[in-house]
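Q: One letter stands for each residue in the lines below.
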Amino acid sequence: MRVVIADDETLLREGLERLLVEADVEVVGKAGTADELLRRVELTRPDVAIVDIRMPPTHSDEGLVAAQEIRTSHPATGVLVLSHHVESHYAMRLLAEHPERTGYLLKERISDLAVLVDALNRIADGECVVDPTIVSRLLKRPRDESPLDELTGRELEVLALMAEGHSNDGICRRLFLSPKTVETHVRHILLKLGIGETPDHHRRVLAVLAYLRG
Amino acid sequence: MLVISALGIAVGVVTLDVAHDVPGYGFAGASSLAGAALLAAGWALIACGLAAWLRRPDSGFGILLAGAGLAWFAAEWDSPGVGSSLAFTAGLCLSAACPVLVGHAVLAYPGGRLASRIERVVVLVSYACALGFGVLSTAFYDPQAQACSACPSNLLVVADRETLSDDLARAGIYAGTAWAAALTCLVVRGLPRPATRQVTAPGTAYLVLVAAAFIVSLGSTYVSNGPWQRRLWYGQALALLALAGGVAWGWVRAHRARSDMARLVVELAQSPPPGGLRDLLAVIVGDPGLVLAYPLDSGRLVDAHGLTVDVPLGHQQTRVVLDGRTVAVLGHAPGALRDEQLVDEVTAAARLALENERLQAEVRSRLEDLRASRARIVAAGDAERKRLERDLHDGAQQRLVALSLSLRLARLKVPESAELERAEQELASAIEELRELAHGIFPAVLADDGLSAAVHALVEEAPTPVRIGELPERRFDSSLESAAYAVVAETVRAASGSVLVSASANDGVLAVELAAPGVNGLDVVALEDRLGALDGRLDVLQAAGVTTIHAELPCES
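As they're listed, the protein sequences go chains A and B.
2 is the number of the first residue of the first sequence in the working numbering; add one for each residue after it.
17 is the number of the first residue of the second sequence in the working numbering; add one for each residue after it.
FYI, nobody ran anything at the bench for these hints, they're computed from the structure.
A virtual CB, placed ideally from N, CA and C, is assigned to each residue, including glycine.
Heads up, a few of these hints could be off.
Listed next, the stretches of chain A that the computed footprint assigns to chain B, with coverage defined by at least 3 CB atoms under 8 Å from CB atoms of chain B [as the list claims (entries may be wrong)]:
id, segment
1, 15-24
2, 80-87
3, 138-149
On the chain B side, residues computed to face chain A include the following (Cβ under 10 Å) [unchecked claim]:
id, residue
4, 410
5, 422
6, 480
With the sequences and hints as input, model every part of the structure.
A: Right, here's the structure in full:
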């Protein structure tokens with residue numbers, strides 16, 4: 002696994018590099034600005050670019066814009082955007098255009114090496130990754146009467162994993178269920194919520210997130 | 017006055033008689049129509065001139081006009097039928113005096129004074145040419161020695177030099193063409209001014225016809241009475257009649273202005289709404305584009321609503337001074353306020369109302385300043401909170417996340433340390449709290465992606481169900497977005513039961529509407545302050561178990 006790290010905080014870049022090395026992830030480039038990041042990616046063609054959402058000069062959404070640019074111009078390179086924003090808005094903005102090989106995690110996740118490496122692997126495999134905190138906030142928000150109330154506990158678990166970007170196989174592994182059972186759950190959930198089935202699992206993630214936000 | 021009137025009438029009759037006696041010489045003797053034209057134009061000028069003199073004895077305008085009338089008659093006296101040597105000589109000398117007098121009068125209308133140096137110079141040169149060449153050519157012309165034995169004697173004759181006299185007369189025609197053209201150019205500049213157009217328009221027409229008459233006579237020793245000259249002369253008579261009519265029309269209008277002023281006094285007694293005084297003055301002055309502005313102590317000009325105004329380019333400024341202090345400035349079309357007497361009367365009548373409206377304008381302007389400063393304070397507060405949020409995210413939070421990385425690296429080396437693990441957990445919750453604190457200070461999503469995105473994000477953290485209706489996706493001014501967001505966020509926070517949010521931007525108004533079964537502890541005053549700073553308003557309605565919060569903010573379309 003080869004990655005490029007983009008963050009304007011030097012301490013953070015260095016720390017993250019040292020941590021990733023522990024997990025046999027090779028850091029092939031580091032950048033402090035969006036422009037530098039794009040140059041590094043062009044030069045090194047990494048598997049994944051890890052990008053902080055706020056970078057100079059305005060510290061608003063430069064990282065997000067650069068990530069989308071990478072996905073457009075280098076389809077083989079995935080992006081993992083690290084963000085302080087727990088609102089689903091930014092994640093949806095990132096995923097809306099290129100949901101495959103794209104991830105959005107809260108920044109504090111980076112100290113959890115297992116989560117980080119899992120996300121990098123999933124992105125490199127072509128999945129999309131959405132931070133569990135964002136999904137659980139969406140699931141927990143107060144609602145008027147909703148079809149969500151009709152889901153069983155297990156179905157809610159499956160729904161959360163779907164929203165986090167896991168494929169059916171991934172859900173099987175997490176919940177120790179057979180592929181057949183997961184498929185049945187998924188079909189029931191989509192039916193109850195009135196979400197049409199899509200063969201493309203990335204589109205399914207977007208549809209589920211949009212449903213939960215709505 | 018009576019004497020002069022009688023004299024004028026007599027001169028006219030005599031002139032007509034002279035012209036009839038010897039029809040071959042002047043213009044007026046050709047027919048009774050020509051006679052009527054002669055009398056009508058001359059008498060009208062004299063009558064108007066005298067009346068103008070009576071109305072404003074201090075202004076030279078009336079005398080000039082009456083003089084022009086007499087000169088109009090005098091041009092017919094260089095004829096054998098005139099009988100008197102004095103009149104005959106005057107007729108010879110004054111043959112070109114009428115156009116100069118008319119030009120002078122029109123330029124000096126209505127005050128009697130010429131406005132600029134160039135006007136004075138041109139008028140003076142015109143007089144010099146018209147009289148100079150008349151007198152000089154007369155001095156070398158002896159009618160008895162030259163073909164006109166019936167003519168009365170020339171009192172001015174110095175010597176009989178026919179060639180010299182003819183040359184001078186010819187030169188006079190050339191000079192006449194020049195000064196008539198110059199006068200026309202000066203007079204025509206007055207045409208754009210509506211207030212004096214009734215006089216400048218016929219004045220221009222007359223001078224153009226005079227110039228034309230000179231041009232068709234170039235090379236000749238006198239303005240002959242050929243068919244073209246005759247037509248031009250009829251035109252001149254008509255233009256002079258119109259000129260006299262225009263002067264009279266000016267009085268009618270002034271009279272109307274005075275009755276308008278009477279109305280003004282009545283309406284002022286009923287205290288007009290802000291701006292009403294300007295409308296009234298615009299009617300009286302006859303300039304719909306009139307600007308009425310009040311100078312503040314700072315030197316700024318404001319209108320009745322207290323908003324800064326500028327006197328438009330090309331407008332003339334007239335100061336209204338009461339007790340030595342400028343209380344108002346009138347911006348008007350050039351010439352609209354030439355009648356100084358009218359200005360004085362108007363300002364005297366409107367004095368109280370002007371003072372009153374000026375004070376109101378001052379208060380309104382202070383209010384406007386206050387509103388603007390309130391908006392600035394709110395905007396500064398927003399900017400400060402935005403900066404704080406950014407500092408927390410990019411400073412403290414980044415450091416804490418970096419620290420959590422260091423801790424994790426330390427734990428890799430000392431895997432079994434319970435203290436390190438506890439520290440990691442503490443740090444994780446500190447990071448989360450800091451994030452929520454920063455978000456509470458200012459939602460970054462509002463600055464990044466606008467009202468709609470921020471309201472959708474708000475729903476995720478709301479303590480109560482929120483349904484979102486239509487929301488405008490476009491961006492607004494940041495202070496506007498902040499104010500609208502504050503209304504939504506505060507209401508959602510205070511709402512009990514599920515809330516419905518919607519907003520729309522139509523016709524320059526951003527309207528935000530929230531409905532909830534109940535709202536407890538909403539700080540309406542704080543929200544009203546925020547909206548008020550942007551000229552917006554807030555309505556809270558309670559009906560049938562539903563509380564509706566309706567906010568409106570003016571926005572750019």
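Q: It remains to establish, for every hint, whether it holds in the given structure.
A: Structure-based check of all given hints:
no.	hint	in the structure
1	15-24	holds (count 5)
2	80-87	holds (count 3)
3	138-149	holds (count 6)
4	410	6 Å, holds
5	422	6 Å, holds
6	480	6 Å, holds
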